[in-house]
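Read top to bottom, the protein sequences are chains H and B. Our numbering puts the last residue of the first sequence at 739; the count rises by one with no breaks. Our numbering puts the last residue of the second sequence at 739; the count rises by one with no breaks.
Wrong hints could be hidden among the right ones.
Said to hold, decoys possible - In silico DSSO-like pairs for lysine-lysine, Cα to Cα no more than 30 Å straight-line:
{"hint": "1", "chain 1": "B", "residue 1": "Lys539", "chain 2": "H", "residue 2": "Lys608"}
{"hint": "2", "chain 1": "H", "residue 1": "Lys609", "chain 2": "H", "residue 2": "Lys582"}
{"hint": "3", "chain 1": "H", "residue 1": "Lys692", "chain 2": "B", "residue 2": "Lys457"}
{"hint": "4", "chain 1": "H", "residue 1": "Lys669", "chain 2": "B", "residue 2": "Lys609"}
{"hint": "5", "chain 1": "H", "residue 1": "Lys692", "chain 2": "B", "residue 2": "Lys609"}
{"hint": "6", "chain 1": "H", "residue 1": "Lys669", "chain 2": "H", "residue 2": "Lys582"}
{"hint": "7", "chain 1": "H", "residue 1": "Lys453", "chain 2": "B", "residue 2": "Lys723"}
{"hint": "8", "chain 1": "B", "residue 1": "Lys475", "chain 2": "H", "residue 2": "Lys669"}
{"hint": "9", "chain 1": "B", "residue 1": "Lys608", "chain 2": "B", "residue 2": "Lys522"}
{"hint": "10", "chain 1": "B", "residue 1": "Lys692", "chain 2": "H", "residue 2": "Lys669"}
Said to hold, decoys possible - Computed, partial: chain B to chain H, Cβ under 8 Å:
{"hint": "11", "residue": "Gly632"}
{"hint": "12", "residue": "Leu679"}
{"hint": "13", "residue": "Ile693"}
Don't read these hints as lab results, they were simulated from the structure. By construction, the Cβ of each residue, glycine as well, lies at the ideal position given by its N, Cα and C atoms.
Protein chains: 2
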Amino acid sequence: MYRPQIKVFDCTIRDGGLINNHFFEERFVKTVYKALSEAGVDYMEIGYRNSKNLFSSKEFGAWKFCEDELISKTIDGVESKTKISIMVDVGRVELDDIKPSCESPVDMIRVASYVKDIDKAIHMTNDFDKKGYETTINIMAISRDQGPELDEALHQIEKESRVQAVYIVDSFGALYQESVEWLVKKFKTILKTKEVGFHGHNNQQLAFGNTIEAIIHGVNYLDGTVYGIGRAAGNCTLELLIGFLKNPKFDIRPILDLISDEFIPLREKIEWGYIIPYAISGMMNEHPRAAMALRNSEEKENYREFYESLIDVELD
Amino acid sequence: MYRPQIKVFDCTIRDGGLINNHFFEERFVKTVYKALSEAGVDYMEIGYRNSKNLFSSKEFGAWKFCEDELISKTIDGVESKTKISIMVDVGRVELDDIKPSCESPVDMIRVASYVKDIDKAIHMTNDFDKKGYETTINIMAISRDQGPELDEALHQIEKESRVQAVYIVDSFGALYQESVEWLVKKFKTILKTKEVGFHGHNNQQLAFGNTIEAIIHGVNYLDGTVYGIGRAAGNCTLELLIGFLKNPKFDIRPILDLISDEFIPLREKIEWGYIIPYAISGMMNEHPRAAMALRNSEEKENYREFYESLIDVELD
């Protein structure tokens, strides 16, 4: 009953890093890697590769920079078939910082890009491809960008790039199943030679449901995170996704242990999940920035005022 | 863009009562009723009508019995178009306890029934119908009961009862979108003269997504609860549902206030929501009973052991 082409992609450390400025201990990251490996997860995205010229390594933890040496040290000694991925943002990485893949522990580089930056994203992935990496382009904030520029970007990716997959990224947690279906069909129609991926955010408790919707319509690259950790409302939970997929190569038990041992205590220290201001920003198709600021203020439970402030912006 | 036939049905006090033995203060219930009325919610299910011969009123709060006088007192003085519903379980109510509707503040009676008890449920709803109430039959635990007996029960309801809607109840939080679609299509094919309803549980974070799926395929009676309160993982959240529906009669703001003022503090005292043992029982299509017992024990975060105990049962 399962589709062998499906790849499960864990973004725990990468997306989770957005709520703690990427300050995860090496021990923690290794523990996650070990559990994912035992669970049979296909890829682990271990962080961002950002330029140290742009971000201070005092202000941000090591997983915002993901130097090859750090990755090698962290995964060393663990028996694993799980491939390592890093994410880069358009305009925030020095291409010369990326060594040939044969000299790096990294298997895949995913480029996060808005539709408007797609030329740059294609240029970057072609560079990484020549260096021997697997690549994807992840189209961010797609709920705000469904017009003709999206079609043009997809045609250009299909023609000019060698990425293996292109992701629909619901950055704002704003998509409902019908939009997911519409987007997947569009992607699959244009991208004849690429796989399609889906990365959901859980503002409206739809990250998992939308991922299932994407699977139904033929998406094979699926992102999740352990216990849903990730910016603001977080992501599709890896444990539910593995519970749903029928491929016998997956084992949910190492992920259950990881949640018991590490994520229940972690959730006491940092916040993510179903929280009303994030639900509101999802409904409004807004970046969670304002909601995150609210949650760091004394007004954190003033939902009505927050809702009304967004309505006012909408009508401006 | 909205479907005027859609009715939103709040079960906050009724389903929420399953986690505090129905001990809500009258002030709290009145506050919920006021907010639902201001929000334009169509129905409020205010509790169960259980026989006092079967359950002790010391052990259970007033909302397990929902006497007419209590309801009248609680809703008195609130301007409202929200109708009042009570739920009865097959075999747990004395029909003589139900007065004619003209003498009662109750507008609707919903009968919760397993497929095997459908004859009794039809008999009960026909009695309530004669007394002037609106009625529905809510078919519980449907994820375990999708065989030919279900078809037979639906044919019988269509032929022998005058209920206005029949509900698909995903008691175990086990359904995925494809099963929801399959069930809705079956219900709509057989129930030519009735509406179809959907009541989800959120074990796998799918209560809202499955409700949207039900809407897409023509379901018009939609259950939700404020902040998702309800047994174990809880229900489809009313705030997300109202945020999704486009009918201008709904106003989300009174619900947001209610969550800020009442449900954030309440959630500190009683537990519901996305909790791994409930997710596991949902995946396994099991009643949450065992998971609820685990959460009341010292082993509450021992997920692997719990998972393995269910696998063993499955293979027995």
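Q: Answer holds if the nearest beta-carbon of chain H is closer than 8 Å to that of Leu679(B); otherwise answer violated.
A: holds, 4 Å
Q | Satisfaction of hint between Lys609(B) and Lys669(H), Cα-Cα up to 30 Å | A | This hinted pair holds, its Cα atoms lying about 25 Å apart.
Q) Does Lys475(B) pair with Lys669(H) here, judged by a C-alpha cut-off of 30 Å? A) Given that 30 Å is the threshold and the Cα spacing comes to 47 Å, the pair is violated.
Q: For the pair supplied as a hint, Lys692(B) and Lys669(H), confirm whether the alpha-carbon distance does not exceed 30 Å.
A: violated, 37 Å
(Q) What's the verdict on Lys692(H) and Lys609(B), does the C-alpha distance respect the 30 Å limit or exceed it? (A) The hint is violated at about 47 Å.
Q | Hint consistency between Lys453(H) and Lys723(B) [alpha-carbon to alpha-carbon, up to 30 Å] | A | holds, 26 Å
Q.
Against the 30 Å threshold, does the CA-CA distance of Lys692(H) and Lys457(B) hold or violate the hint?
A. Judged against 30 Å, a Cα distance of about 36 Å means the pair is violated.
**Q.** Distance restraint between Lys609(H) and Lys582(H), which requires alpha-carbon spacing of 30 Å or less
**A.** holds, 16 Å
Q: Compare the distance between the alpha carbons of Lys669(H) and Lys582(H) with 30 Å, and conclude whether the hinted pair is satisfied.
A: violated, 34 Å
Q. Does the nearest C-beta of chain H fall within a distance shorter than 8 Å of the C-beta of Gly632(B)?
A. holds, 3 Å
Q: Would you check whether Ile693(B) satisfies its interface hint, that is, whether its CB is within less than 8 Å of any CB in chain H?
A: violated, 16 Å
Q.
With the threshold set at 30 Å, check whether the alpha-carbon distance from Lys539(B) to Lys608(H) stays at or below it.
A. violated, 42 Å
Hints 1, 3, 5, 6, 8, 9, 10, 13 from the list above are not met by this structure, while the remaining hints are.
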